[in-house]
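Place chains B, C and D on chain A using the hints.
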Amino acid sequence: MLSRVLIANRGEIALRVIRACHEMGIETVAVYSEADRNASYLRLANESVCIGPPDCNQSYLNIPRIISAAEITNVDAIHPGYGFLAENANFAQICSDCGITFIGPPVEAMRLLGDKVEARKLARRAKVPVVPGSEGVIEDEKEALRLANEIGYPIIIKAVAGGGGRGMRVVHNDISLRAAMASAKAEAEAAFGEGSVYMEKFIVEPRHVEVQVMADREGNAVHFFERDCSIQRRHQKMIEESPCPVLEERQRERLAEAAIRLIKEARYVNAATVEFLLDKEGNFYFIEVNTRIQVEHPVSEMVTGQDLIKWQLRIAGGEPITLRQTDIKHHGVALECRINAEDPSNNFSPSPGTISRYIAPGGLGIRIDTHVHQGWTITPNYDSLIAKIIVHQETRAEAIATMRRALQEFVIEPVKTTIPACLAILSHNLFVKGKTDTGFVERTF
Amino acid sequence: MLSRVLIANRGEIALRVIRACHEMGIETVAVYSEADRNASYLRLANESVCIGPPDCNQSYLNIPRIISAAEITNVDAIHPGYGFLAENANFAQICSDCGITFIGPPVEAMRLLGDKVEARKLARRAKVPVVPGSEGVIEDEKEALRLANEIGYPIIIKAVAGGGGRGMRVVHNDISLRAAMASAKAEAEAAFGEGSVYMEKFIVEPRHVEVQVMADREGNAVHFFERDCSIQRRHQKMIEESPCPVLEERQRERLAEAAIRLIKEARYVNAATVEFLLDKEGNFYFIEVNTRIQVEHPVSEMVTGQDLIKWQLRIAGGEPITLRQTDIKHHGVALECRINAEDPSNNFSPSPGTISRYIAPGGLGIRIDTHVHQGWTITPNYDSLIAKIIVHQETRAEAIATMRRALQEFVIEPVKTTIPACLAILSHNLFVKGKTDTGFVERTF
Amino acid sequence: MAEKDADVQKIRDLIKIMKENDLVKIDIQHGDDRISLRRAEPPHPGPVGNPIIASLPGLMAPVGAPDAAPAATAVRDDLLEIKSPIVGTFYEAPSPDSDPYVEIGAHVDAQTVVCIVEAMKVMNEIKAEISGTIVEKRVANGQAVEYGQVLFKVKPE
Amino acid sequence: MAEKDADVQKIRDLIKIMKENDLVKIDIQHGDDRISLRRAEPPHPGPVGNPIIASLPGLMAPVGAPDAAPAATAVRDDLLEIKSPIVGTFYEAPSPDSDPYVEIGAHVDAQTVVCIVEAMKVMNEIKAEISGTIVEKRVANGQAVEYGQVLFKVKPE
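These protein sequences, in sequence, are chains A, B, C and D. Take 52 as the starting number for the first sequence in this note's numbering and just add one per residue. Take 52 as the starting number for the second sequence in this note's numbering and just add one per residue. Take 32 as the starting number for the third sequence in this note's numbering and just add one per residue. Take 32 as the starting number for the fourth sequence in this note's numbering and just add one per residue.
Just so you know, these hints were derived from the structure itself, not from any lab. Misleading hints may appear alongside valid ones.
Within a straight-line C-alpha distance of at most 25 Å, the following computed DSS-like cross-link-like pairs (lysine-lysine) qualify [as the list claims (entries may be wrong)]:
no., chain 1, residue 1, chain 2, residue 2
1, B, K361, A, K484
2, A, K236, A, K193
3, B, K380, A, K380
Just chain A, same shape as in the assembly (with noise of 0.2 Å):
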């Protein structure tokens, strides 16, 4: 049982992870820059620290500060939230060092999974599905067709040194192969001083759905289902909901059964997500693991009726999941909708200022997770999330009717939000009927 936490990180998700242990009588240690001084969830923490000036890296991104400040206020654990340092391996390796326990996974699981041809070969292993292609560089046209034509077209060509959409090109035959290649790679070559090129089946228009896991020192692993998430624009998501609603129930099970080998296979524990692409005809593909807890967490939190953040500080204290699988059950439709403080109608760039006017929905079926409130001044030196809504909800029309009348409902002025983007995409014919993808978004709006 952990006694006293400190929390790297700051905003919703600092402050979701210091409810969380105030409620199960964990003392908590916020840690600051100058730029969230007067943030109103620090007097929530038991004692904050500032640790530096607002940029980034010379406080949430600056290890000695954050490792310090650990050390000067006597903590068992730190939590990192998401971002900022949730994924960096050095960080979790010197914690231990340390002696502080990092509320995540065991540092050899992170970086397995942080590298993404270990963590091919990994699913591979645990017979998990993963997009095929060649296992690495391909050299001349010849090997290149023969492959093409054991994946079966549609085939992309990507640049090993990859980036930015450079160095890709989507093939549908053999006739365009030889030409893709040589312009993949000149432009590879170009951009990159790097000409390799690899191959990959090439998904048509899939969905992304992830699995939530939780797994223990034990070695015992249950999920909580999926989430789809294929709601994304330039690939940030933006709403999210859980069940899937394409997925029949079989394919929801063998999904979940292959995220639970695949994560016993890593040794892993605590809290992971592992992120598929579904295509079609409805066959998954692993793609990652995401080693932390995600901002969409809530969705899984509210089709369960289990609350993730105290099962990662259970875990990380030393207990193991008392859950069977079969304890976890899934009622009704979640949906959560990230609001950013982004103008929709000026290419969602960033609208910080300070919030005159705000009032928040609420009623049945709503959670909000937000650190803001009227009179907070959104900085732009972070990301630009200030608030999730949250809705549960037995059907998934009822989800999206709540949801709307939610978003309706927020009032926050005179920043510009993704509010009426939300609303936009939730009033859609093709939406409403669950017929999106993770192009969806950017091809109709």
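For chains B, C and D alone, kept in the frame of chain A given last:
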């Protein structure tokens, strides 16, 4: 199906009904007095109509003005909320005469249950236990002695014309009875000019336990389990919970079955609460029926996952209850704290004023029903309820921990509120153990 | 709801056009749908000014909305107001065939009946309760009025 | 928590007593527990003024709390501050047996080492980075300090 509803109320319950209508696609008309002209929830209604000055006799209690507002806005139905006109049979009759659906019981059932003597007779017919006593005035000592021994001591002598404790005597044995009868009669004679007395069993340190029921026009009736509302101060409920922490499963069933029998006997339609006293031996006694939705209805909503206001609207629109009793499952524990703008350190006197700082609690397990926000002015015209915090957790201990956390987070300045009083109760050993009764607050604090 | 939102947007657009072009009045009619907007004149001498009033059939005129009423008195505070003491339907005349109780320019005193407000089928005669000259009628015949809504503006003696 | 709340209440009571009696300093010690409070002098000539500082063993001194830091500069804005550039434990001397790096009245220049702040077992020598005379030491030997916490007040040349 209703298409347009006028809400003849204000504050949190007006907002509660607007929300339910909004989610069901029913249009709403809000009425308001001049004191509530700037209420922010008015903008959430499709229309709003000023009906009078702040004095509620000229506005929220003014039947002609409310009916006129209903006529000019062309609504199907009126939801009366609680308080004001909610249990006014005359108002229900006028609605009916004007062809407007009153969202509540039929006038006959309301009148019947509004008459304590008739309600008691009805309960006997329905084989629902009532507090044993004389069925009318006791004429002489001999009869009193016979009855007291039949009922069993302690008994209480009450003045027929009584009130405020005058003409009341608790009697523990035959010897005291004669003196008590005489002095109660004399006191009643002096106070009310009418010396008649009757006798009832005196329930020692009872709990207040009530059953939420809902009936449709076709004679179906279901219950949503019980609420324990023993935490009261001067008959004002402060904290409510479900389930009642001391009832065993068999007792809970018997209590709920009794409530259903009574409501069917009354040919009741729509939402009702059947109130009982529960003695230390686990016997329950019917007190009265509240023929309206109640302040504490969210407690039952949280543990059953059912939206009671939506059921009120569906039933009023002529739909049958599509739930079987076995579809309504009780899950976990819910607690509600009423936050009133009152000063607990100054005998709970009202504390009106403008809220200059407001930070509501949030996160997992918390529901907030409130019409206020930073900048809201609490006027002295109406009751002092400004917010309800409802917590839902797996166990009572967790629910108490979450409620304590929520109350500690809640910032409402500069008005005084009952938050410290609620915190003190939640921290009390006897409350934590569930060992409370309707006298607990006044005895203890 | 969607239709109403469209109306609100339309009114916003119209107000923008009015402001940009210094218009004080726009009336649009398409079959049964009518939108009528009036803007206050700039505060130099001219006709009696009004705040923006939008009326749509089947919709309460938002005269009683939070900002409108105080604005009304701010524009010309030398005028008195006759307000509706009840909620109901405004009628300018005792029957459809009769002349209105009062017209612009009429002199009224405390006892002069200025209109009827029908509530619960009862025709309530509304008296001026002040003396002066009617300079403006603020509601249309048959329009719904709420408590405290300004019916007439009166120039005092 | 309960103990800490009791301390806070105690400090509040002590501050009240100080204000009522125009005290500028209170020191209380019970075994290992120590409470030390200093109040700013009224703004007429006198000793160096300070905002209220409360320090309790095992507790972060609330110097970095929202209101304290701005108040510090407001009292005597002709003084400069040497602040901690890191989070750690403050030591006034290189070893327990040594003399402090600086005492009140010492002259410092930019390169003068004024103390050590230990962080992650590393002893970081903190330099003054300004020139002047030390007029006040704001933290006790062995006390935890946070980023930006004022360590010394310096009267500039």
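Hints and how they fare:
1. B/K361 with A/K484: holds (24 Å)
2. A/K236 with A/K193: Measuring from Cα to Cα gives roughly 15 Å; hence the hint holds.
3. B/K380 with A/K380: Given that 25 Å is the threshold and the Cα spacing comes to 14 Å, the pair holds.
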